[in-house]
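These protein sequences, in sequence, are chains A and B.
For the first sequence, the numbering used here gives the first residue as 1, with consecutive numbering after it.
For the second sequence, the numbering used here gives the first residue as 1, with consecutive numbering after it.
Hints are computed from structural coordinates only; laboratory data are not their basis.
For each residue, glycine too, the CB sits at the ideal point set by N, CA and C.
Fair warning: there could be bad hints in the mix.
As the list claims (entries may be wrong) - Incomplete in silico selection of chain A near chain B, CB under 7 Å:
| hint | residue |
| --- | --- |
| 1 | 23 |
| 2 | 26 |
| 3 | 33 |
| 4 | 34 |
| 5 | 37 |
| 6 | 97 |
| 7 | 101 |
| 8 | 109 |
Here is how the chains run, residue by residue.
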Amino acid sequence: MAQEPITKVSIIVSKGSLEGVYPALIMANGARAEGISADLFFTFFGLDAIHRRRYEHVKVATVGNPGLHVATLAGGLPGMSSVMTHYMERKMEKLDIPAIPEFLEMIADSGAGLYACKASCDLFDIGREDLVDQVKDIITVGEFYALAAGAQIVFT
Amino acid sequence: MPVATYAGREVDVDVEGFFTDPGQWTRDMAPEIARDAGVGDLGPGHWKVVDFMRAQYSEKGTGPTVRVLGKTSGVSVKELYELFPTGPAKTAARIAGIPKPRGCI
Numbered sequence: 001m002a003q004e005p006i007t008k009v010s011i012i013v014s015k016g017s018l019e020g021v022y023p024a025l026i027m028a029n030g031a032r033a034e035g036i037s038a039d040l041f042f043t044f045f046g047l048d049a050i051h052r053r054r055y056e057h058v059k060v061a062t063v064g065n066p067g068l069h070v071a072t073l074a075g076g077l078p079g080m081s082s083v084m085t086h087y088m089e090r091k092m093e094k095l096d097i098p099a100i101p102e103f104l105e106m107i108a109d110s111g112a113g114l115y116a117c118k119a120s121c122d123l124f125d126i127g128r129e130d131l132v133d134q135v136k137d138i139i140t141v142g143e144f145y146a147l148a149a150g151a152q153i154v155f156t
Numbered sequence: 001m002p003v004a005t006y007a008g009r010e011v012d013v014d015v016e017g018f019f020t021d022p023g024q025w026t027r028d029m030a031p032e033i034a035r036d037a038g039v040g041d042l043g044p045g046h047w048k049v050v051d052f053m054r055a056q057y058s059e060k061g062t063g064p065t066v067r068v069l070g071k072t073s074g075v076s077v078k079e080l081y082e083l084f085p086t087g088p089a090k091t092a093a094r095i096a097g098i099p100k101p102r103g104c105i
């Protein structure tokens with residue numbers, strides 16, 4: 001039996017690490033490229049990805065990240081996260097994967113909605129002025145569910 | 001293999017409607033493919049993208065993704081989605097008679 005195609009996705013970004021943010025951005029952008037509606041909802045540390053002063057400084061987690069294959073003790077050395085992030089960013093640039101600011105602009109231009117979680121903004125004292133222009137609104141969980149009606153919800 | 005008829009001629013397409021032999025495509029087929037793809041009438045903006053897809057395919061053997069289109073076609077990402085709401089690279093490739101572009105970004 002043929003499966004119903006996916007027509008809408010709502011992607012929740014809860015992590016503030018490079019490897020936490022990129023999969024969500026790639027999935028949202030890829031959804032739009034397929035003609036699938038997409039919204040991104042940034043919560044908790046995921047807010048760093050849409051924070052004016054932080055979104056250019058999102059880093060790879062070098063501690064508690066076994067997939068990186070760096071010993072935990074070494075991963076905790078000062079500067080380790082910056083070095084690994086720099087290395088990853090260079091590789092991504094070679095593959096023409098955009099940096100977060102450019103990626104957000106591209107996703108917003110594709111018609112996807114970017115939203116921030118109200119509870120997390122309250123928790124971290126983040127106001128509308130702290131968030132990048134592409135963010136449409138700061139919304140409650142209830143408003144998120146209303147926006148997500150009929151969508152597949154993806155939590156990252 | 002599925003077959004479609006455009007401009008009165010039969011062409012080979014895949015299950016999603018993309019040409020499997022770009023050599024079978026002629027410009028007079030584009031308006032009919034566009035209608036099948038839900039785009040409606042082709043304007044100068046659509047043609048600019050379709051021609052660009054076609055040129056890129058003959059040069060590189062693959063069609064560009066939305067990101068590449070936005071950077072190199074002279075049509076912005078925003079305009080691309082206005083022209084082709086169901087996916088610019090995908091829809092323009094279908095109208096241009098080339099295979100679906102592969103790429104995650």
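Each hint, compared with the structure:
1. 23: violated, 10 Å
2. 26: Cβ of residue 26 of chain A sits 6 Å from chain B, so the hint holds.
3. 33: It holds, given that the least Cβ distance between residue 33 of chain A and chain B is near 5 Å, below 7 Å.
4. 34: holds, 5 Å
5. 37: violated, 10 Å
6. 97: holds, 6 Å
7. 101: violated, 14 Å
8. 109: holds, 4 Å
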